[in-house]
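Participant: Sequence lines, in order, name chains A and B. For the first sequence, this note's numbering assigns the number 1 to the initial residue and increments by one for each residue that follows. For the second sequence, this note's numbering assigns the number 1001 to the initial residue and increments by one for each residue that follows.
Wrong hints could be hidden among the right ones.
So, partial list: chain A residues that the calculated Cβ filter (under 7 Å) puts toward chain B [stated by the list, open to error]: (1) S29; (2) R94; (3) I96; (4) Q101; (5) H103; (6) G117; (7) S118; (8) L119; (9) N152; (10) E153; (11) Q181; (12) D183; (13) I190.
To be clear, the hints were calculated from the coordinates, so they are not data collected in a lab. Values in this document were obtained by computation on a predicted structure and should not be read as measured data. For each residue, glycine too, the CB sits at the ideal point set by N, CA and C.
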Amino acid sequence: MINEKIISLKKMANKIRMDTFNSVIAASSGHLGGSLSIIEILTVLYFDVMDLNEMKNEKERDKLVLSKGHGVPALYATLANKGIIDKELLNTLRDINSPLQGHPDCRKTKGLDVSSGSLGQGLSTGLGIALAQKLSKLHYRTFVILGDGEINEGQVWEAAMFAAHYKVCNLIAILDVNKLQLDGATNKVISLGDISRKWKAFGWNTIAVDGHSIEDLCYKFNTIPNNGPTIIIADTIKGKGISFMENNVEYHGKIPNDHEVLIARKEIEEEGNMWSI
Amino acid sequence: MTVNEKYGASLLDLADRQNLIVIDADISRASKTYFFKEKYPDRFFNAGIAEQNMMSIASGIATMGYIPITHSLAKFITTRALDQIINGIAYPNLNVKMVGIYAGLSIGKDGATHQALEDIAVLNTIPNMTIVCPGSMEEVEELLKQSLDVNQPTYIRLCAGLTPKLANDYIKFGEANRLTTGTKVTVISTGVLTDFIYEVITENNLVDKVELIHIHTIKPIATDTIVTSALKTKNVLTIEDHNLIGGLGSIVTDALSKHYSEVQIKKIGINDVFGCSGSVEDLYHKYGLSKKHILEYITEAIKAI
Ligand SMILES: Cc1ncc(C[n+]2csc(CCOP(=O)(O)OP(=O)(O)O)c2C)c(N)n1
Ligand SMILES: [Mg+2]
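Only chain A is shown next, with the shape it has when bound in the complex (with noise of 0.2 Å):
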């Protein structure tokens, strides 16, 4: 049964689905691919699962880290959606002087807990804010998306290996698992194995998800366990919601030209009607 929270999330992400492609496009440059993977699930996380409470001492919301920051458009287009940042800003996406720099500059935009760019370094310093949290007693849990060729980056895995030691509890990743990096699938690049064994092997608690399912996300991201460092494997399409941009690695970075822009809008705008009745 679908009710009209779930309803009301879907229109959410259609609507971020279409500001974040809007803003690469005006860019013309950014990447898409890796940006439309992430839509639901930056949108179940900022609208039903994290805590931003803003009446609430602001060190203590819930915390996000992008450490596959290229994905940035996707968090921009949440933010303004959210009334966190200005939605006029997402059209200056990577211009000169524009606070939406190209990756997550926590300095000059509003809402971005950390800097990032340099892939692999993001389950550390989520680590590291997760930390803090059990240091000061402050509320509030800390978020981690990373990519699935990201992973490659052996860091990742000595954060792992911490977390597990000290058993961090309130530090979630979230595995956006689009099959596919830069160079192409990644399990043509640098084969990934079983990643849920992998993890598990390395102490943490892994629930697979379906990463396009505001459904399937809104369940699981409620029964996260309470005794280490949880690892949410999400099933994700790269280029997800735009029928040639999906599963097709030249749209990593690649800007559609003006004929497949209007294509794109228009798929789009279908997903969004569906729920709009």
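Go by the hints and put chain B with the ligands onto chain A.
Facilitator: Chain B with the ligands only, in chain A's frame:
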């Protein structure tokens, strides 16, 4: 043809050298090493997004007499894998080539996290390291070839947007390339800025006044050429797309250290700040490297003497 396409084609042309091994870190579609991969899959490895692992693998391969050529963005191949470069490659003085693409502000809109503005400074302090920064596509091809015979580690810093050829096609590893021979000021530059500065000089009829020295080999630097020119003009202006601290300007200043009393030196570059997103044109404007700025620097330097 883009710089990276030229690079990929040049690499392919060298494939006859059987001891050449190509390693990339998940940017082969950008670095165009996939040209090589498609023809010689047995001598190509993709390390994935794991620059440190790539670099140490290269160090191991090199101990057996192969010449590994490693690839990533200039930003990540240098500082991300720095200890692997210092302790694993430079210390044992292994013949490993490190190719960094989209150096300096030339990567544009990706912003500060991707703009290598410290790579020259950092690598210059490492013993045994050599550094080249081509100023044209022709130099990309030629310096790649020549560097293979430099039996030491080499960092090849590739900027985007290089011109096909410079006005002077004298390309020899370790030597400078003089493009104009004026008498009032010595302008020293590297990489993509050289041709840009050359255009400013020719467009403004400054050829008689400016001696433009292009430094494609930053380490070892052509001290003699620099000193000779500086003693001629008594007036040196360095311009670079890199942090002023430790960059070409600092290296040139070191080369001139015995002659401080005789030569006026002015350094232009990124003034110890991070870059940001923006088109390359906007970035050059913001950081004082536009043609208008460069003309001003040159005119002022000429007046000052
Ligand atoms: C340390 C580092 N190396 C290389 C890059 C260049 N780069 C940007 S995105 C990318 C591929 C990322 O693949 P993945 O993590 O799977 O992200 P997604 O598929 O979600 O785009 C690469 C190699 C980088 N940003 N950082
Ligand atoms: Mg991926």
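Participant: Run every hint past the structure and note whether it holds.
Facilitator: Going through the hints against the structure:
{"no.": "1", "hint": "S29", "result": "4 Å, holds"}
{"no.": "2", "hint": "R94", "result": "4 Å, holds"}
{"no.": "3", "hint": "I96", "result": "3 Å, holds"}
{"no.": "4", "hint": "Q101", "result": "4 Å, holds"}
{"no.": "5", "hint": "H103", "result": "4 Å, holds"}
{"no.": "6", "hint": "G117", "result": "3 Å, holds"}
{"no.": "7", "hint": "S118", "result": "6 Å, holds"}
{"no.": "8", "hint": "L119", "result": "5 Å, holds"}
{"no.": "9", "hint": "N152", "result": "4 Å, holds"}
{"no.": "10", "hint": "E153", "result": "6 Å, holds"}
{"no.": "11", "hint": "Q181", "result": "5 Å, holds"}
{"no.": "12", "hint": "D183", "result": "5 Å, holds"}
{"no.": "13", "hint": "I190", "result": "3 Å, holds"}
Checked against the numbered hints given earlier, the structure satisfies every one of them.
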